[in-house]
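Undergrad: For chain A, the structure is supplied; the task is to place chains B and C on it using the hints.
Residue numbers (the working numbering), protein chains in the order written: chain A, 23 to 555; chain B, 5 to 317; chain C, 6 to 304.
Just so you know, not all the hints are guaranteed correct.
As the list claims (entries may be wrong) - In the PhoX-like style, the derived pairs of lysine-lysine whose C-alpha atoms are separated by at most 20 Å in a straight line are:
1. A:Lys-420 - A:Lys-384
2. A:Lys-506 - A:Lys-179
3. B:Lys-223 - B:Lys-237
4. A:Lys-201 - A:Lys-135
5. B:Lys-54 - A:Lys-443
6. A:Lys-135 - A:Lys-155
7. B:Lys-54 - A:Lys-201
8. B:Lys-54 - A:Lys-155
9. A:Lys-409 - A:Lys-393
Hint data in this document are derived by calculation from the structure and do not stem from the laboratory.
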Amino acid sequence: MDRRTFIRAGAGAGLVAASGGLSAPAIGQGAAAKTLRFVPQANLANFDPIWGTQYVVRNAAALVWDTLYGVDANLVPQRQMVDSEEVSSDGLTWTFKLRSGLKFHDGTPVLAKDCVASLVRWSFRDPMGLMIKAIQEEIVAVDDTTFRWRLKRPYPKMLLALGKNNSPCSFIMPERIAKTDPFQQITEYVGSGPMKFVRGDWVPGAKAVFEKFADYVPRAEPASWLAGGKRMLVDRIEWVIMPDPATASAALQNGEIDWWENPIADLVPVLKRNRNIRVDIGDPLGNIGAFRLNHLHPPFNDVRARRAILMALDQEEFMRAIVGSDDNLWKPLPGYFTPGTPLYNEEGGEILKGRRDIEGAKRLLAESGYKGEPVTMVVAQDQPVTKAQGDVAHQLLKRIGMNVDFVATDWGTTGQRRALKSPPAQGGWNIFFSWHAGADCINPAAYTAIRANGDGAWFGWPNIPAVEQQVANWFEAKNLDEEKAAMRALNKAALDNVVYVPPGFFLTYTAWRSNVSGITKGPLPFFWNVAKA
Amino acid sequence: MLTYILRRILATIPVMAVVALFVFSLLYIAPGDPAAVIAGDQATPEDVEKIRQSLGLDRPFLVRFGEWVWQIARFDLGTSIFTGLPVTQLIAQRVEPTLSLMVVTLILAIVVAVPMGVLAAWQAGTWVDRTIMAFAVFGFSVPVFVVGYILAYIFALELDWLPVQGYTPIAQGVKPWLENLILPAVALGCVYVALIARITRATMLEVLQQDYIRTARAKGVSQRDVLFLHALKNAAVPIVTVIGIGVALLIGGAVVTESVFAIPGLGRLTVDAILRRDYPVIQGLVLLFSFVYVLVNLMVDLVYTLVDPRIRY
Amino acid sequence: MTAHSPDTSASIDVAEPAVVRRRMTPLRFVRRYPTITIGTVILFAVVFIAVFAPFLGTTDPTAISTRLRTREPSAQFWFGTDMLGRDIYSRVLYGTRVSLIVGFSVAILASVGGLIIGLISGYLRKVDAILMRVMDGIMSIPSILLAVALMALTRGSVGNVILAITIAEIPRVSRLVRGVVLSLREQPYVDAAIASGTSTPVIIVKHILPNTLAPIIVQATYICAAAMITEAILSFIGAGTPPIIPSWGNIMAEGRALWQVKFYIVLFPALFLSVTVLAVNLLGDGLRDALDPRLAKQF
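Pulled out of the complex, with its shape left as it was, chain A reads as follows (with noise of 0.2 Å):
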């Protein structure tokens, strides 16, 4: 560390700790402890947030580029790159301000175009910006610093657009590097973010550097999610791919690492008695598993079929197989969205609650005229929570008298196969599990899997007019209470026609040296404000 970095290093741990209560840092330990070292749920394959949607590239980029807008831990969209906007009484213009002194990592301004080049790429590969691109009439910068945005009807979500943390967000890239196809990945990683991504120190697979990028010009507000001022209170921060949970764990408990994103919750106890370690929840918006029924196939084409398993379906057994015996991870869910969130109901729920009915659902697979062909459940190994799924489904199936043909497979397999609607015997499948993310199934907007548009639906393809309906309603949702009356017939309908089948809920554990301090709950692992003494 040379002198200059050496002494901002000082100065911004010193603000933090004035207005902060966090304990002061140790200033004279050197370059070492200004390294963060982080071991990421999975690993950082590709870094383009827009081209690859998964969540680890997503909480990387998070780092390295900004978004004009940010939630906050209220999910209320707070300005961040943005200085001000200007919406007109029709609802049809959008104008928006960016604020003074933002910078790319290679010293550029970040100027409107930028933003507009980086909304267009975006807007090709986002459910919402998909909608807004389906309406819009055009945008264009205006000068260096303001763009606007004119509709052709108005979008009241424009904010949570641009500002959700549901992946890909709208990150801002200089305009060169936005030019780039939507569907091909980018080859330079300039952002202007807190953060600059070290390529040269990238091995794919093992390694990622992130570097504090000293022109960042954090907000005044104090920091929420992603919204308000982003303090980088490290210099350096080294994500260490783990693929092992049993060595990740070893390495948090001898102090080689400062914090392990989701340790398994088997190992939490060991964690915990350390002195030297913090365990806490991670993300309270938690996962929803996905047990998903192919509905133009016998014998899940029929509703009967697929109500049979939600009556015989035991959420505890599935939870459990997933985040292991602590009762602090995981909750019942009769219904599909995110318990603890303003619009969370259980309308409909009655079928997944007391006591399960084996017979009753043995039953009514029958009625549905389900006569013991194979059903063919394709399950990742890869993956702990399909694998975990798939080992308690197949035992739920058996027991309500079903044929099943289990395929054990890994994830590419199964992100192949669930994409053929052809029938299970000429490739295609019946049963696949995965998993949502709790902050994209707050409400319809980002969560593609409760859709039922059939051919345009995700995988599955339910046809049901009914959700539909009620997902229009919500879009169209004028106020709070009208948005809750549809997300509680969307709820019902949804459940009533078996979409999918929810598992549960369930959330994980993130783990960290007690000599790291300001690590904040969030449905991504936040780095700003967060000191290592």
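TA: Relative to the frame of chain A, chains B and C by itself:
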């Protein structure tokens, strides 16, 4: 001799061609879609299809194979689908850890195993021999990851002598480099210790019965000299053979060892690439493996001619 | 391998009765071949377990009950339960079947395949070069890659695990056989047989096959042991036996993340695997010494 080497090197070309065609066809018919993995779970089928097209994965087999061969002819292994980085770069940045692991493992295995084998042969039939051989058989029969966990638990977590995981390039100092490699090398080396000790013992037994050893003994050459100078020199041939085979086996073992000890080596790159269907990376790696394999066997054969003058080509 | 032929095969002479035969009583057999005896006894015990697994106090090895997960070994669950609440004792006992099937199948298939290719290669000079290059090629492909590709191609299954390991092992056997054949061809009595117009198949069956059997049997035992270990490694990366069929490999692979807190999940299958592999290796060592003492130099 030179013509022999040249002939052998030329013979690698058909080998590599066989491997290349085989692996390419296998990957082509195997399902699995990198585009789906890239697009993420929320992506629509249309998005996935567009990504697949932009990656050129929708084109027919012959076109793709032809393109790839043409690339290789220009010493270009292509670009990784996921990272967008050149395959040569991805491989290059991972060669050092794997090479280090293999070298340390082999040295460790030889240093431990050869004296064990010699001792066992010298004491053939006694309890010393039986103990050593029992240990050797045992080393064969425990999966490498079990050994790895136990070692990490004792020496890293409980005793805190060595790091749990990771790799430090040798450029940053031999000591940290070695500290990171000791546990994985011991875990991976168990099998080789077993293998090499057994072969050393067997070969030594054979050699010790040869006439010239008896003559040497009769002439009063000390026991130690007989064992290490005369006998071991002749036992070198099969030991070298095992090392040759061992290098191929090491690649398999390295995958697991590298995962357990979080070493950023070629083994993990291989598994990651396979599971994600990063075709150019898999193809590049397999070519590399087959090349190394052929090369090592060539070197083994050459070493024969050095240690055993009776063998001529 | 050109590597093998010069030193090993040159010394394999026609087997000759080394000792004057006496009546072999069981006791004498045990004394002379203690390793064979121990190996066989253990192996018989393991086979017994595999065959009679349902009658040895086991329950359904796939029955999940996540409320009973990760229980320590007790009177009810002798080896404890795993992270899905399945009884590890039952899983380990049933898993014996998979490990034995994988070990034996790979040993037999690789031996037969290797024998055929080795015989052809050693006997027909014309195809020798091509076959050996192909073998070189196959040997250089990591069996892990083959296994994952096969799993993706169809699905994870015991058959695919066997196939993937077998393909990787065939070249080693075929090289061994080829070396033996090449050296036997030089023997005067084989020359004489060829000269007297004996047909090739007869020469192979009468003169060559008997002399290749000993090294192959020995080799097969090692392959058997190696295959059981490889099965475990394949499960480790998720390309092994599917989870609905318990195998020692996938029990260990599934439990490995918990080894620091629930070590018994890995311990019991690892013990069974080690003891079985030990038995197979002991048997191999014993057979080697018994069938052909000169082979001792090979391994």
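Undergrad: Next, verify each hint and record whether it holds.
TA: Hint check results:
no.	hint	verdict
1	A:Lys-420 - A:Lys-384	holds, 11 Å
2	A:Lys-506 - A:Lys-179	holds, 16 Å
3	B:Lys-223 - B:Lys-237	holds, 19 Å
4	A:Lys-201 - A:Lys-135	holds, 11 Å
5	B:Lys-54 - A:Lys-443	holds, 17 Å
6	A:Lys-135 - A:Lys-155	holds, 17 Å
7	B:Lys-54 - A:Lys-201	holds, 17 Å
8	B:Lys-54 - A:Lys-155	holds, 18 Å
9	A:Lys-409 - A:Lys-393	violated, 27 Å
Violated hint: 9 only; the structure is consistent with all others.
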